[in-house]
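Undergrad: Residue numbers (the numbering used here), protein chains in the order written: chain G, 1 to 385; chain H, 1 to 385.
Hints were generated in silico from the structure; no laboratory data involved. One thing to keep in mind: the hints can contain errors.
Copies of the same chain are indistinguishable here, so a pair counts whether it falls within one copy or spans any two.
Straight-line distance between alpha carbons at most 30 Å, and here's what the computed DSBU-like set of lysine-lysine pairs gives [stated by the list, open to error]:
1) LYS228 / LYS308
2) LYS330 / LYS308
3) LYS123 / LYS28
4) LYS127 / LYS28
Residues per chain, in single letters:
There are 2 protein chains.
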Amino acid sequence: MQNFTYYSPTRLHFGQGQIDKLRSEIGKNERILLTYGGGSIKRNGVLDQIYTALPGYQIHEFSGIEPNPSYETLMKAVSYARYHGITHLLAVGGGSVIDGTKFIAAAIPYHGEPWEIVTSRGKVVEKAIPLSCVLTLPATGTETNSFSVISKKQTMDKQSFASPHVYPHCAILDPTTTYSLPPRQTANGVVDAFIHILEQYLTYPVNARVQDEYAEGLLRILIDQGPKALTSPTDYDIRANIMWTASQALNGILGVGVPQDWATHALGHELTALHGLDHAQTLAIVLPALLNEKRQAKYGKLIQYAQKVWGINQGSDAFKIETAINETRKFFELMGLRTRLADFKIGEEDIPALVRKLEEHGQIALGEHQDITLEVSQRIYTAAL
Amino acid sequence: MQNFTYYSPTRLHFGQGQIDKLRSEIGKNERILLTYGGGSIKRNGVLDQIYTALPGYQIHEFSGIEPNPSYETLMKAVSYARYHGITHLLAVGGGSVIDGTKFIAAAIPYHGEPWEIVTSRGKVVEKAIPLSCVLTLPATGTETNSFSVISKKQTMDKQSFASPHVYPHCAILDPTTTYSLPPRQTANGVVDAFIHILEQYLTYPVNARVQDEYAEGLLRILIDQGPKALTSPTDYDIRANIMWTASQALNGILGVGVPQDWATHALGHELTALHGLDHAQTLAIVLPALLNEKRQAKYGKLIQYAQKVWGINQGSDAFKIETAINETRKFFELMGLRTRLADFKIGEEDIPALVRKLEEHGQIALGEHQDITLEVSQRIYTAAL
Chain G
1 MQNFTYYSPT
11 RLHFGQGQID
21 KLRSEIGKNE
31 RILLTYGGGS
41 IKRNGVLDQI
51 YTALPGYQIH
61 EFSGIEPNPS
71 YETLMKAVSY
81 ARYHGITHLL
91 AVGGGSVIDG
101 TKFIAAAIPY
111 HGEPWEIVTS
121 RGKVVEKAIP
131 LSCVLTLPAT
141 GTETNSFSVI
151 SKKQTMDKQS
161 FASPHVYPHC
171 AILDPTTTYS
181 LPPRQTANGV
191 VDAFIHILEQ
201 YLTYPVNARV
211 QDEYAEGLLR
221 ILIDQGPKAL
231 TSPTDYDIRA
241 NIMWTASQAL
251 NGILGVGVPQ
261 DWATHALGHE
271 LTALHGLDHA
281 QTLAIVLPAL
291 LNEKRQAKYG
301 KLIQYAQKVW
311 GINQGSDAFK
321 IETAINETRK
331 FFELMGLRTR
341 LADFKIGEED
351 IPALVRKLEE
361 HGQIALGEHQ
371 DITLEVSQRI
381 YTAAL
Chain H
1 MQNFTYYSPT
11 RLHFGQGQID
21 KLRSEIGKNE
31 RILLTYGGGS
41 IKRNGVLDQI
51 YTALPGYQIH
61 EFSGIEPNPS
71 YETLMKAVSY
81 ARYHGITHLL
91 AVGGGSVIDG
101 TKFIAAAIPY
111 HGEPWEIVTS
121 RGKVVEKAIP
131 LSCVLTLPAT
141 GTETNSFSVI
151 SKKQTMDKQS
161 FASPHVYPHC
171 AILDPTTTYS
181 LPPRQTANGV
191 VDAFIHILEQ
201 YLTYPVNARV
211 QDEYAEGLLR
221 ILIDQGPKAL
231 TSPTDYDIRA
241 NIMWTASQAL
251 NGILGVGVPQ
261 DWATHALGHE
271 LTALHGLDHA
281 QTLAIVLPAL
291 LNEKRQAKYG
301 KLIQYAQKVW
311 GINQGSDAFK
321 IETAINETRK
331 FFELMGLRTR
341 LADFKIGEED
351 IPALVRKLEE
361 HGQIALGEHQ
371 DITLEVSQRI
381 YTAAL
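Taking the hints into account, I'd like the entire structure generated from these sequences.
TA: This is the structure we're talking about:
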């Protein structure tokens, strides 16, 4: 096991009716900016629950934070918040709204050009406005971590930053808020969480037993519960198990003391930036191709993945690995995602532009061995056609 | 899954050499009271490492915190700390030293009689002196939680309290500090952690998949790594896996959203208080007898435990349960602990006094169903003869 520091200070309230806990978490005199995306939180009653939980509070609203939240949109919220002297941000939605609100939180008190927060990968952040969140789409784990991914429309960039100042103050996870999710969003969330786990697990063995057991357990849960969430969308236990699994998948506990990959995310981000694919959809395309390409480097962990996660105990090592990769692809397809670039009419002629974007973002030595060069990335994109 | 709140604000530094991180965690102007037990931290070099990590700091020392830390000893530290205006406590040792230091932290600013902290179960605690800790005996998980168990010699009481004010500020977990542990302490730590997991897992099913997968994974790790720690005491990975497992076992993550038992602990505490047995030793005696007694109430989870933890997939349900309980007992004995009261010359004539102590402490309705009455406790003690 490698050395590590673990820190996760967010207070988390999980379960039906927990939105009410906001009252004990946010002071009565705060000037709150409630941030959200479209109108779904009005239709499903979540917005009403929040107003009921915070009677007499000063609540401003900023809506319209889009999937892959854009710098352009977020800067409007920053201006609004500065003008109105906002003291607490309340993000209500999925990963995009919460990631976007982390950027707003860091940008409000920042004196330079806020895009520097992203280009510096968060290093310039010295303080942030406190933020709380109500999660309505389990997927990214952002509700208890310090990461954020922001896009810039103007230049078609999508990049991440991290700062200890943007850990949410508290997070509310009420599984009933996910009952009304469209199947596509439910599926995206499950696949996103699944691949978050693999980015931290499917590298090379370092005898980190706790991290391995946790990762394998969470993967098995998603394989079992994910498809059931599509057929039984209002089953509380299924929704609760998925919500808690997705949160654990990227709260940091799986990644401590082990190598991490994240190349699938890097290659996927360019697909979203240039072609507008859903984040999870990009991962479902890139991952199987990447695993095929990196069979040797990931040999030990691929065998372990095959055995512990998919129960493949018969046959040669090569057979186990082949079967595990195929099962992974089939799982994504069972959830309703596609696993080929061709499904989105992205062809060989589009690959050079993707690779150029990787180069532009300095993504020239990816993966747990930093050996996924631009040439290897090109092969992975090609294998994903 | 039941509703829950999860909060774990302690910053944790794990790995060889991490004692050095104390310098970034404790301000140069703090007046530190370093608390510890006997002389082992002098012999194994841990004390030297701490002084090296904190050059020029004002460090006072208070030694002699005993296993099952006593109110009587701890109050001496409270007087010392008040007199010298201590502003930060640094606990170096195992669960007893850290639990004891939590009491000191809460007692220093407390205006009433500090034993009220224990009798009120922590409710009277409104503030505490910040405490950091260097863990040298993985077992109780106290390094990242808000619990503490304190004994009073005068009345032979052993009771727990909890308060959000006594979460450690930071915890250092360096597996190399455990290389020199006597085998008995290593074994006690493994068995203690094992039973902490069972207290949160072996109740009745509530379809909490994450908690179940985590618990089963951690149990399998202890079964595999525990005996190896006895034969290979300086193997880094084994020590690291045990240290991280024991910490996870009681940092709260296993117990959220699920029923909990803790009757084994309650019955065990009286054995320590009246007969001086090691804490883990009491649990190894009580648990098999309790599982036998509660077979019906724990039926579903006992089957799951047999299958997932011990790999017992053949035979009738009754056979699986019987075998799982026997395997559990054999594991404790393999670790060098005894599993019968008779091994300590405790006989039937001693049981009434144990039951009277339970009654005195209000422990009259224990377990996840609150159905372990004094009569049932008496049967469990008797079955453990």
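Undergrad: Pop the pair LYS330 and LYS308 into one bin, within, between, both or neither, using alpha-carbon distances up to 30 Å.
TA: Both: 17 Å inside a chain and 26 Å across chains, each within 30 Å.
Undergrad: Between copies, within a copy, both or neither: which fits LYS123 and LYS28 at Cα up to 30 Å?
TA: between (32 Å within a copy, 25 Å between copies)
Undergrad: Regarding LYS127 and LYS28, is the shortest C-alpha distance of 30 Å or less found within a copy, between copies, in both, or in neither?
TA: both (22 Å within a copy, 23 Å between copies)
Undergrad: Within a copy, between copies, both or neither: which one fits LYS228 and LYS308 at a CA-CA cutoff of 30 Å?
TA: Answer is both; intra-copy 21 Å and inter-copy 22 Å each pass.
Violation of the numbered hints given earlier is absent; every hint is satisfied by the structure.
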